[in-house]
Each structure stands twice: as C-alpha cells, then as structure tokens.
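Novice: Spelled out, the chains give:
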Amino acid sequence: MGIIRTESLVFEYIRRDEEGNVEGITRAVDEVDLDVRQGDFVAILGHNGSGKSTLAKHLNAILYPTEGTVWVDGMDTTDDKELWNIRQEAGMVFQNPDNQIIGQVVEEDVGFGPENMGIPTEEIWERVEESLKAVGMYKYRKFSPNKLSGGQKQRVSIAGVIAMHPKCIILDEPTAMLDPNGRKEVVRAVRALNDVEGITVLLITHYMEEIIYADKVFVMDKGKVAMQGTPREIFSQVDKLRQLRLDVPQVTLLAYELKKNGINLPEGILTVEELTEELKRIYQQR
Amino acid sequence: MLRDITLGQYYQTESVIHKLDPRVKLIATVCFIISLFVVKSWIGYVVAAVFLAAAIKLSHVPFKFMVKGMKAIVFILLITVVFNLFLTPGEVLVSVWKLRITKEGLQLAVTMAVRLSFLIVGSSIMTLTTTPNSLTDAMEKLMKPLKIFKVPVHEVAMMMSIALRFIPILLEETDKIMKAQIARGADFECGNLIKKAKAMVPLLVPLFISAFRRANDLAMAMEARCYRGGEHRTKMKPLRYAGRDRIAYAVLAGYFAVCIGIRIWL
Numbered sequence: 001m002g003i004i005r006t007e008s009l010v011f012e013y014i015r016r017d018e019e020g021n022v023e024g025i026t027r028a029v030d031e032v033d034l035d036v037r038q039g040d041f042v043a044i045l046g047h048n049g050s051g052k053s054t055l056a057k058h059l060n061a062i063l064y065p066t067e068g069t070v071w072v073d074g075m076d077t078t079d080d081k082e083l084w085n086i087r088q089e090a091g092m093v094f095q096n097p098d099n100q101i102i103g104q105v106v107e108e109d110v111g112f113g114p115e116n117m118g119i120p121t122e123e124i125w126e127r128v129e130e131s132l133k134a135v136g137m138y139k140y141r142k143f144s145p146n147k148l149s150g151g152q153k154q155r156v157s158i159a160g161v162i163a164m165h166p167k168c169i170i171l172d173e174p175t176a177m178l179d180p181n182g183r184k185e186v187v188r189a190v191r192a193l194n195d196v197e198g199i200t201v202l203l204i205t206h207y208m209e210e211i212i213y214a215d216k217v218f219v220m221d222k223g224k225v226a227m228q229g230t231p232r233e234i235f236s237q238v239d240k241l242r243q244l245r246l247d248v249p250q251v252t253l254l255a256y257e258l259k260k261n262g263i264n265l266p267e268g269i270l271t272v273e274e275l276t277e278e279l280k281r282i283y284q285q286r
Numbered sequence: 287m288l289r290d291i292t293l294g295q296y297y298q299t300e301s302v303i304h305k306l307d308p309r310v311k312l313i314a315t316v317c318f319i320i321s322l323f324v325v326k327s328w329i330g331y332v333v334a335a336v337f338l339a340a341a342i343k344l345s346h347v348p349f350k351f352m353v354k355g356m357k358a359i360v361f362i363l364l365i366t367v368v369f370n371l372f373l374t375p376g377e378v379l380v381s382v383w384k385l386r387i388t389k390e391g392l393q394l395a396v397t398m399a400v401r402l403s404f405l406i407v408g409s410s411i412m413t414l415t416t417t418p419n420s421l422t423d424a425m426e427k428l429m430k431p432l433k434i435f436k437v438p439v440h441e442v443a444m445m446m447s448i449a450l451r452f453i454p455i456l457l458e459e460t461d462k463i464m465k466a467q468i469a470r471g472a473d474f475e476c477g478n479l480i481k482k483a484k485a486m487v488p489l490l491v492p493l494f495i496s497a498f499r500r501a502n503d504l505a506m507a508m509e510a511r512c513y514r515g516g517e518h519r520t521k522m523k524p525l526r527y528a529g530r531d532r533i534a535y536a537v538l539a540g541y542f543a544v545c546i547g548i549r550i551w552l
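In order, the protein sequences belong to chains U and L.
Residue numbers for the first sequence follow my numbering, beginning at 1 and rising by one.
Residue numbers for the second sequence follow my numbering, beginning at 287 and rising by one.
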C-alpha cells in the first residue's frame, strides 16, 4: 500500500442560493482512486473547478470524504486520534503565499509547525536551519516576509512544511500567483526535495511545463480522474487533453503537428532538447 | 511605499536596554508610571528624572525620537496645564480680569506637566527598544496566571501577533483598491469631511471581504501546520532571564523603594 491512497472517494457539497435554500448537490470529487508510492513525484492536473483542490484538502484531513476512504501512511483520515499525525506526515502548501505565512520573521514562520508539534527548542532551531537551507532561503532567515518576492515567500512556506519532517508534501497550485521566474524557483525547490530528500511530492497545478518531471500524472475533469499515466503517455494524447481544455507544452504540440503531417517522430516529446535530437536524427537519415 | 512603514516605533540599535528581556521592560514601565503617582515632593521628581535620564542614556536612542512621541500629546498637556493653572482655588498670586492664578494651581499645573511628559517619555523608551513581537511574547508570559480565570491568554497573544503581521499586507491592499477605484473615477481628495468619509465606504467593503477571505485561508494554513492552540506548544524563542535582567530588576526595586521612602519620610 502506498503512502497516500484513496478508495472511491466522493465529496459532495450542498449549493445554496442567497436565502440559504438548497439549490442542489454538487459532486466536487467523484469516485477517485489514488495510489501514491513513497518517494514518487506525482502531478495532478486539471482546469479550474475540476475538483483537484478539493481532493488535495482531503489528503490533509481538512475536508472529510462524503463516501469512500482516504489513507495517509495507513491512517484513516476520519480517525480523530490520528489527526495531528496525519497533518504532520502530509504537509500542505497553499496557493496564496501571503495567506499562509504566520511569522513576522522568516525563521519564526518556519519554526511555527515544529512549535505546534511540541518539539524542544534546540531541535526547532536545527530543523529551521536545515529546512531553510533545503529551499535555498537560509540567508533570508532574518527578513520580514513582506520584503520577499512571491517565489521566495512560497519557498519559505515549503520550508515551513519541511521543518515538520513530513513524509509527503501536497502543493495546491503553489505557482498560480507567481511570475515565470518565481514559478521556476518553486518547481526547482520542489524537485530538489523529491530527488535529494526523497520526500513524496503531490503537485497540483494547471501549468503543463511543471509536470514533465513527474513520475505519474493524474488528469482530473469534473471530479473524476480522466487520464493517468507517465507524462509521456499523457502528452501523447493531445486531442484528449484539448477536449479536457488543457494546453500541452509548445514543444509537444509542435512535435504532434509535425507527426500529423508525416514526419516520423516518436509520441509524447516533452522537451526542446528531445525534439532537436529527434529532428537531427531524421535529417541525418535522409 | 506603504509597505515600508514601521509599526510601533522600534528604533534598531545595539544597547543594554534593547537586550533586556521584554518582561523586564514591561514591568519597569508599569512601575515607573506608578512611581510617578506615588511621589509628591520635588525630590521624588528629581529621582524619577535621574532614573529616566539614565534609561535614555543607556538605550542609545537619540533624544529627539523621545520628543517626537511628545508632539502627539502637546495639546492634551496644554489643556491640563491651563485648566489646573486657572481653575484651582487657593492663595491668589496674579489676577487678570476674571482669571486668577493661584499658588496651588501653579504647583498642580507644574506637577501634572512633569508627570505627563515623564509618563510619555518613559513608555516610549519601552516601545522604542522592544519589537512588537517580543512585547506580545512578554504579555503572554506575564499574563499566564490569568489562565486560572479562563482568560485565553495564548489566543489573545496569537491574535495580536497575527494582526501585526497583516497590517502591512492590508495597507498594501487598501492602496491597491484605492488605485483601482481612482482609475474608475472615484474621488477621495475633494469635498468636505462627510463627503470624504462617504467616499471611504466603497473602499472599506472590498477591504473587509478580502480580510475575511485571508483570515479563512490563514486559519486553514495554520491548521494544516498542526496548530491547535497553546496546549503542547513549545517555543522557538523562549523568554529566559539572563544576569543583566536580574540586575535590572534589582535596580528597579531599589528605585521603587526610594520613591516609596520619599513619599513616607519626606
């Protein structure tokens, strides 16, 4: 069994009009089965309203399933006794960097999680130092969060989660409010965590470029898992992705169009380097 | 521009007073204020002045910063002095038209002026040398005994420190909303006071909505990081008394004893 597993997870909420009358029931998450192995980098993709954020909030026991079950490291999230263990093991980073930083100094914010867990003071300092170094923010430890850029703030948030020594980090669209540079910074930090520290990463996003390094991708649509597989498998189905209103990266799209017009390229090309290599090969064959 | 405002009026520098435990400073300020009302004779005020001058000297904060704090209360100070000067009955010194300055009035006016200005300068030494954050920490620690009476001490301190963290963010947001409204023809500058106040309504509504949204997000982020109130919580920067804090307490106790002594025997 993987570190995170859901079995026919359903989440429904009741829609109400302005007077509070019930208008109907919306299924935000519909029969989702997820199985994430320890150490994997998993991406969850989907456009707005596909239920991906709702799904993420189940993995940290912020929301509870209407039907079905969620297990985090073998613990059922509806079990109240395990609540704090679950939240410690599955850390969560949210979209808006300003709304998740609590401390007035970077290092104090990173220490917030360990403080809540009741870690002794000396160990808090060790953890803060090591987590800030892991995301490359150690030299900003005395700064006020208000003086940092969006990407830096988001890295501080990630450090705040790492300091709790989680087995798994869930990032709920961490780059949605950032500029391209900030986005790269954050993705680089997340990949390093996965590679170096071996932390399981669940990245929720709607930017295609961010998922090409993932081990596994789930594409969500209307609360259901519409597609799953490796990035290559996913990106080889350009037409289906378009149906789900998702854009493929430019290189993949170019390769796809070239292939459609009779050039012998393999399916699911993800990077510019790959495409140039393939094109060189074809050119030499002629 | 708005994000650069400093809160409170912390003056960053190295000094003994800066390094003191915030609890010491808080207690010292309270004691100093009480002592101002304990002493009655001029010797007492001289002692208080010496104590205050020593604290200012040790704090390395330029004197003009202390005086800055005074500006805000000049008006109150003036009113107090004038009322005490003219309206205290007693032995008449000078009499012009219907106004009479009495000996007692003069005495009272001077005492009040000295008391008020010492009070302001004394408390501004605390705010100038202590960050708002360590002040909240000190309050939390000092008010801990109140927990027996079910006062949510930790929660209040947490609220204060979150409020401090969000003031610059909300200020920036206000600035943004204001600009967006100005771009669509809103007028915040012209008109009388009532008109200006009315113009603030379309500014406050979106600000409140966004503040609530932020509060909601923040609460979720805090819960996700295992926040569950003050129970089982450890401190990253616990307050610990050092040698200099004990010395400071001794000095404070000495000063307070002298003040009481003056009140009783002189």
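Because the hints were derived from the structure by calculation, they are not lab data.
The reader is advised that the hints may include incorrect statements.
No farther apart than 27 Å at their CA atoms in a straight line, the calculated lysine-lysine pairs in the DSSO-like style are these [claimed, not checked]:
| id | chain 1 | residue 1 | chain 2 | residue 2 |
| --- | --- | --- | --- | --- |
| 1 | U | Lys-147 | L | Lys-521 |
| 2 | L | Lys-462 | U | Lys-147 |
| 3 | L | Lys-484 | U | Lys-142 |
| 4 | L | Lys-521 | U | Lys-142 |
| 5 | L | Lys-465 | U | Lys-147 |
| 6 | L | Lys-521 | U | Lys-133 |
| 7 | U | Lys-133 | L | Lys-523 |
| 8 | L | Lys-462 | U | Lys-167 |
| 9 | U | Lys-139 | L | Lys-465 |
| 10 | L | Lys-436 | U | Lys-142 |
| 11 | L | Lys-521 | U | Lys-81 |
| 12 | L | Lys-436 | U | Lys-147 |
| 13 | U | Lys-280 | U | Lys-259 |
| 14 | U | Lys-81 | L | Lys-436 |
| 15 | L | Lys-305 | U | Lys-147 |
| 16 | L | Lys-305 | U | Lys-142 |
| 17 | U | Lys-139 | L | Lys-305 |
Since this is a predicted model, take the numbers as computed values, not measurements.
Novice: Against this structure, judge whether each hint is valid.
Specialist: Against the structure, the hints:
no. : hint                    : in the structure
1   : Lys-147/U <-> Lys-521/L : 24 Å, holds
2   : Lys-462/L <-> Lys-147/U : 17 Å, holds
3   : Lys-484/L <-> Lys-142/U : 41 Å, violated
4   : Lys-521/L <-> Lys-142/U : 17 Å, holds
5   : Lys-465/L <-> Lys-147/U : 21 Å, holds
6   : Lys-521/L <-> Lys-133/U : 21 Å, holds
7   : Lys-133/U <-> Lys-523/L : 20 Å, holds
8   : Lys-462/L <-> Lys-167/U : 39 Å, violated
9   : Lys-139/U <-> Lys-465/L : 34 Å, violated
10  : Lys-436/L <-> Lys-142/U : 35 Å, violated
11  : Lys-521/L <-> Lys-81/U  : 24 Å, holds
12  : Lys-436/L <-> Lys-147/U : 38 Å, violated
13  : Lys-280/U <-> Lys-259/U : 15 Å, holds
14  : Lys-81/U <-> Lys-436/L  : 26 Å, holds
15  : Lys-305/L <-> Lys-147/U : 25 Å, holds
16  : Lys-305/L <-> Lys-142/U : 17 Å, holds
17  : Lys-139/U <-> Lys-305/L : 23 Å, holds
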